[in-house]
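Enquirer: Chain by chain, the residues:
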Amino acid sequence: MEKKLFRQYLVLVIPGFIIFTIGLIIPLFLSLRYSVTSWDGMSAEKAFVGLKNYIELFHDKEFIDAWWFTIKFTIGNTIIQNVLALLFAVALDSGIRAQKIYRTALFVPCLISAIIVGFIWLKMFSNVLPEINEWLGTNFNFLLFGDSKTVLGGLLIANNWQWVGYWMLIYLAGLQSVPGDLHEAAKVDGANAVQRFFHVTIPMLAPAITICVVGITTGSLKVYDLLVSSTKGGPGRASTSIIYQTYTTAINGRRYGYGSAMTVTLVVVLLMVAMIQVKGLRKKEVQV
Amino acid sequence: MNKKMWYTLAACAASASMIGMTAAAEEEPVTLTVLAGQSTTDAGIEDMIDEALAEKYPNITLEWECVDWGNDFQPKMQQYMQSGLPDIMIGKAQDVATYAPQGILAEIGAEYLDAGLDAARENVTIDGKTYGLVYNALYQGVYYNRDMFEENGWEIPKTQEDLQAIIDACKEKEITPFASHMVDTWSIGNVTMQFMMNDVFNKDSEWGDKFRAGEVSFSDSAEAQTAYEYNKLIFDNTYEDTFSLEQTDCDAKMVLGEAAMKVSGSWSIQNFLDIDENFNFGIFPFPNQTGDSKLIFEPNITIMTSASTEHQDAVNKVLEVLTTDKDLAVEIYDYTKTASMLKDVTPTFANPSQEDIDKYASENMIVDVTLGNNQLVWGGFQEENAKDIAAWLQGDASFEDALAASDARVDASSAN
Numbered sequence: 001m002e003k004k005l006f007r008q009y010l011v012l013v014i015p016g017f018i019i020f021t022i023g024l025i026i027p028l029f030l031s032l033r034y035s036v037t038s039w040d041g042m043s044a045e046k047a048f049v050g051l052k053n054y055i056e057l058f059h060d061k062e063f064i065d066a067w068w069f070t071i072k073f074t075i076g077n078t079i080i081q082n083v084l085a086l087l088f089a090v091a092l093d094s095g096i097r098a099q100k101i102y103r104t105a106l107f108v109p110c111l112i113s114a115i116i117v118g119f120i121w122l123k124m125f126s127n128v129l130p131e132i133n134e135w136l137g138t139n140f141n142f143l144l145f146g147d148s149k150t151v152l153g154g155l156l157i158a159n160n161w162q163w164v165g166y167w168m169l170i171y172l173a174g175l176q177s178v179p180g181d182l183h184e185a186a187k188v189d190g191a192n193a194v195q196r197f198f199h200v201t202i203p204m205l206a207p208a209i210t211i212c213v214v215g216i217t218t219g220s221l222k223v224y225d226l227l228v229s230s231t232k233g234g235p236g237r238a239s240t241s242i243i244y245q246t247y248t249t250a251i252n253g254r255r256y257g258y259g260s261a262m263t264v265t266l267v268v269v270l271l272m273v274a275m276i277q278v279k280g281l282r283k284k285e286v287q288v
Numbered sequence: 001m002n003k004k005m006w007y008t009l010a011a012c013a014a015s016a017s018m019i020g021m022t023a024a025a026e027e028e029p030v031t032l033t034v035l036a037g038q039s040t041t042d043a044g045i046e047d048m049i050d051e052a053l054a055e056k057y058p059n060i061t062l063e064w065e066c067v068d069w070g071n072d073f074q075p076k077m078q079q080y081m082q083s084g085l086p087d088i089m090i091g092k093a094q095d096v097a098t099y100a101p102q103g104i105l106a107e108i109g110a111e112y113l114d115a116g117l118d119a120a121r122e123n124v125t126i127d128g129k130t131y132g133l134v135y136n137a138l139y140q141g142v143y144y145n146r147d148m149f150e151e152n153g154w155e156i157p158k159t160q161e162d163l164q165a166i167i168d169a170c171k172e173k174e175i176t177p178f179a180s181h182m183v184d185t186w187s188i189g190n191v192t193m194q195f196m197m198n199d200v201f202n203k204d205s206e207w208g209d210k211f212r213a214g215e216v217s218f219s220d221s222a223e224a225q226t227a228y229e230y231n232k233l234i235f236d237n238t239y240e241d242t243f244s245l246e247q248t249d250c251d252a253k254m255v256l257g258e259a260a261m262k263v264s265g266s267w268s269i270q271n272f273l274d275i276d277e278n279f280n281f282g283i284f285p286f287p288n289q290t291g292d293s294k295l296i297f298e299p300n301i302t303i304m305t306s307a308s309t310e311h312q313d314a315v316n317k318v319l320e321v322l323t324t325d326k327d328l329a330v331e332i333y334d335y336t337k338t339a340s341m342l343k344d345v346t347p348t349f350a351n352p353s354q355e356d357i358d359k360y361a362s363e364n365m366i367v368d369v370t371l372g373n374n375q376l377v378w379g380g381f382q383e384e385n386a387k388d389i390a391a392w393l394q395g396d397a398s399f400e401d402a403l404a405a406s407d408a409r410v411d412a413s414s415a416n
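Top to bottom, those sequences are chains W and L. Residue numbering for the first sequence follows the numbering used here, beginning at 1 and increasing consecutively. Residue numbering for the second sequence follows the numbering used here, beginning at 1 and increasing consecutively.
Calculated directly from the structure, the hints in this document are not laboratory data. Check before you lean on any hint, since a few could be wrong.
Said to hold, decoys possible - Pairs of lysine-lysine, PhoX-like flavour, derived with a Cα cap of 25 Å: (1) L/K359 <-> L/K317; (2) W/K279 <-> W/K46; (3) L/K253 <-> L/K171; (4) L/K76 <-> W/K222; (5) L/K76 <-> W/K46; (6) L/K343 <-> L/K326; (7) L/K56 <-> L/K359; (8) L/K294 <-> L/K56; (9) L/K253 <-> W/K123; (10) L/K343 <-> L/K359; (11) L/K173 <-> L/K253; (12) L/K158 <-> L/K129; (13) W/K61 <-> L/K232; (14) W/K149 <-> L/K359; (15) L/K359 <-> L/K129.
As the list claims (entries may be wrong) - Distance windows between CB atoms, simulated: (16) W/I55 <-> L/E51: 36 to 44 Å; (17) W/I55 <-> L/R212: 53 to 61 Å; (18) L/K158 <-> W/I157: 52 to 60 Å; (19) W/I116 <-> L/E51: 27 to 35 Å; (20) L/D313 <-> W/V273: 52 to 60 Å; (21) W/A91 <-> L/Q225: 24 to 32 Å; (22) L/T61 <-> W/F29: 33 to 41 Å; (23) W/D225 <-> L/A43: 19 to 27 Å; (24) L/K173 <-> W/V273: 28 to 36 Å; (25) W/D225 <-> L/Q164: 38 to 46 Å; (26) W/I116 <-> L/N364: 46 to 54 Å.
For every residue, glycine included, the Cβ atom is placed at its ideal position computed from N, Cα and C.
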């Protein structure tokens, strides 16, 4: 019987394992291998250079700047998106009218490709909003993508517009699964609405918070497509993310080996961030 | 009927059936894959080529993959070099220097090359073998509003002082001197190469080789620095929102008379004439330090073929259509608003800047930018330098930082 079960498990696991291995594990090891070569991505020669690429990374200003932008983008997104998503979820859970319309309106942007979102906000900032400025006779600076000092803000607006609705649904599902009697008990104990929110709702939402924080963080660390259609990493290099830098270095710059070393650092950071967040947030989760 | 006659008839029938078989074999449907790295002007020419090909060789189908040349052609080529090249690749003349030494391109037959102008061959020939068929050409320089120049009595500037006088006059009249769209970093890279051509490569055609040999550098070369500094001249005398302004909007402003000049290439003509078919413009080379600037000429659409194609006959038929179908050629040139690189083919669209081009050509004041693009390649070098120049213009990096970054990128400055 056990043997039969084992065979069934194998049948279920093997297809996924094969796809995962071919699509992820093998490329990862290939990346590791290329990262210690000076391969240009075109020629047959892949000369071994040891750790030279990794040492060079620490002195590469463009690489460091790209990481710095990515970190700022990630922190901004993680805070803004979580707070907004939670607030919208609480608002929709409070029984307001036309809840379904609001939910749909907030969710729809995440169905659009990030490339399209980039185009939409490029047009918004360059044409639509300045035009509205003129109609209203106001003088707001909407050219956020055109200045290195404001481009991060513009990209945060675009990214949050796209994803807040998605994370809001996860929070909404979490809110709807909080047992009503816990709130009742807290009420009986004299807790006001704010106290109930922080001492009952938030602890009960911990699993949803874990999912959202890890999802938003890792998603933001990998930002690329939004940039391609909106800022192309500019002005200058002001919005060049680590993946954008890796791509232009490896492919356009014909430094595949060096670009692979960049990729390896990203994989390591992604793993570390996800592990730390999951471990840290799991501790705060409560079981009912 | 005697025996001999029967044999003769049988032989004729057999031959006829053999001919029929050969014809049938020739008409076997063939699908050729085409990777087309397109400039902004080129999107749409694939339909014209399909139509002309279907008329003459209905059995040949082209499976197009059209990508942006600046951003995606090189990545696609790298991908295909691992997995197998398309039968036909359409890029720019400078791509030949990148890919021919890898041994992946086939030599183009003399019968097709002979249909093209001799000037088209020089920069696509390596060790006596020609690997690219140059189909059309762009001109680059300063496009100017001819009516505006005439109304104000402005002469075509030949020196930096002349140019500064026009800039000052524009400002007095509250006209923006230069139209520009620096949101497109490629436009910064493009104009920088124009500046480099006239201040650096026209004086020293091996500057790139010397750069790689460590004999010259951006940080030490006054000429290269001057070329970079012209970007600041443009930036200080253009629209405030240049880093947010897209090309079409920029060109529209120029046509509407908001700006007097635009450092650009023939790709702007399509926009100019689409916005106002009566827009009267001319072109002159951006003045250099020595007052002997030349108009820039760039061989554009360049057809390359795979050395490992299994359908060489069909590929040759495509080349034949492209080089012999003059109606197709004129249709493409008129649509892209570009110059012909085929013998005896002249576009029919009214190009107000043509008289200027003819004048510079007659004075031998035209230079092929492929020289500069081969010395310092676009992908990984020029386009990256343009980002540093943009960062400098935005105040995020110093001029010295931008120069040092270009120097540090020396290994990426050559295709091979």
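Enquirer: Which hints, by number, does the structure contradict?
Expert: As far as the earlier hints go, 1, 2, 7, 8, 12, 14, 15, 16, 17, 18, 21 and 24 are violated by this structure, in ascending order.
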